[in-house]
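2 protein chains.
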Amino acid sequence: MAKIRSKKNSSKKEVIIEKASKLFLEKGFGAASMRDLAEHVGVEAASLYNHIQSKSEILQAICFKVANDFISHMEAVQSSPEPALKKLELIIRFHIRMMMEQFEFVYISDHEWRHLPEPYLSNFLNQRRNYRRSLSDLIARGIERNEMKDLDPHVAVLTILSAISGIESWHRSRKSVSRETLENNMVKYLIGGLKK
Amino acid sequence: MAKIRSKKNSSKKEVIIEKASKLFLEKGFGAASMRDLAEHVGVEAASLYNHIQSKSEILQAICFKVANDFISHMEAVQSSPEPALKKLELIIRFHIRMMMEQFEFVYISDHEWRHLPEPYLSNFLNQRRNYRRSLSDLIARGIERNEMKDLDPHVAVLTILSAISGIESWHRSRKSVSRETLENNMVKYLIGGLKK
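Protein chains in written order, with this note's numbering: chain A, 452 to 647; chain X, 452 to 647.
No lab work stands behind these hints: they were computed from the structure. Check each hint, because a few of them may be wrong.
[To be verified] Straight line, CA to CA, 16 Å or less: simulated EDC-like cross-link-like pairs of lysine to aspartate or glutamate:
id, chain 1, residue 1, chain 2, residue 2
1, X, Lys639, A, Asp601
2, A, Lys639, X, Glu555
3, A, Lys478, A, Glu490
4, A, Lys516, A, Glu563
5, A, Lys506, A, Glu552
6, X, Lys647, X, Glu540
Just need the whole structure built from these sequences, with the hints factored in.
Right, here's the structure in full:
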């Protein structure tokens, strides 16, 4: 069988994780085996173990990569001088793009985190809770400053994040709506619905 | 073991389907067996088969019950003289209440329909497509009549239905937000975001 080929700038491990994300999306993390993964990558299982020890290691890499991306983006936005509504728009747009461009990673991180072993599980959930709290604080601030309608911030966060995760069904559909139309209209709906 | 007890006004079959819905939610349709179900209901498997032939029969009953509820409600709303925006509000409110009051049924119909056997599967998907098309037509009409903002109707439908299905995570949370707060704020957000 072939050796594991790496794309320019990606390590072999990254190539394996990339392929694993497609496999987990297709079969579910629980049902996919290391043997399936070796087949998917196109190498012997023994060769796979030179780069990666377990499915769990891959899941950790995916979940924490996604968490880092979202957290770093939010920190950058938070430290900008923009008004709260504009900050929220930037964050919503980033979520939508992540759902489009890194769909497998985001999907797995959203749906398979339950399989993370401790202490990663608690750590991941903690980061998730903090992230949602920051979003909800941002909305509370927007309401205080009269930039946003007086809506319960927790319900607003639930509405926003759930709406965006619905892009899953766009991926599985015939995509009669273009990426741009989807992004711009969802932003318009979710920001317009909050704007005072 | 106990006999299958029926609530007032529910047949034994209905009681079984009710219990099955909780089991399917907990274990997933694929993983739950008729033996699990018998245990859950508190009867011998043989006794269960007097009322119901297979898991599939239960899934069909659940999916088509939910589809009928949504379709009947939409037909009643459509035939009312209300403006499009008010019609949409009634439909959104109904979806939110279904997610709260018939959560197991709606969840199973949303997540497990793939396990329906033919011809039920095609029929179910057909009804689903038609339902979404009616919603999207309603929004297109609202835009034409200048009651709603100029948003892509397909993206609006995706946003609305995905946001509402996020109530799943409310069920699994500590419910720091009350039902009423959730319903009223989500309606306010989703209708306010469309209103011109």
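Consistency of the hints with the structure:
1. Only pairs whose Cα atoms come within 16 Å are accepted, and Lys639 of chain X paired with Asp601 of chain A is accepted, the gap being roughly 10 Å.
2. With a CA separation close to 32 Å, the supplied pair Lys639 of chain A and Glu555 of chain X exceeds the 16 Å bound.
3. Proximity of Lys478 of chain A to Glu490 of chain A is assessed by CA-CA distance (about 14 Å); at most 16 Å being required, the pair is judged to hold.
4. Under the criterion of a C-alpha separation no larger than 16 Å, the hint pairing Lys516 of chain A with Glu563 of chain A is consistent with the structure, at around 14 Å.
5. Restraint check: the Cα-Cα separation between Lys506 of chain A and Glu552 of chain A comes to about 23 Å, which exceeds 16 Å; the hinted pair is violated.
6. Our distance criterion of 16 Å between C-alpha atoms is met by Lys647 of chain X and Glu540 of chain X, whose separation comes to about 14 Å.
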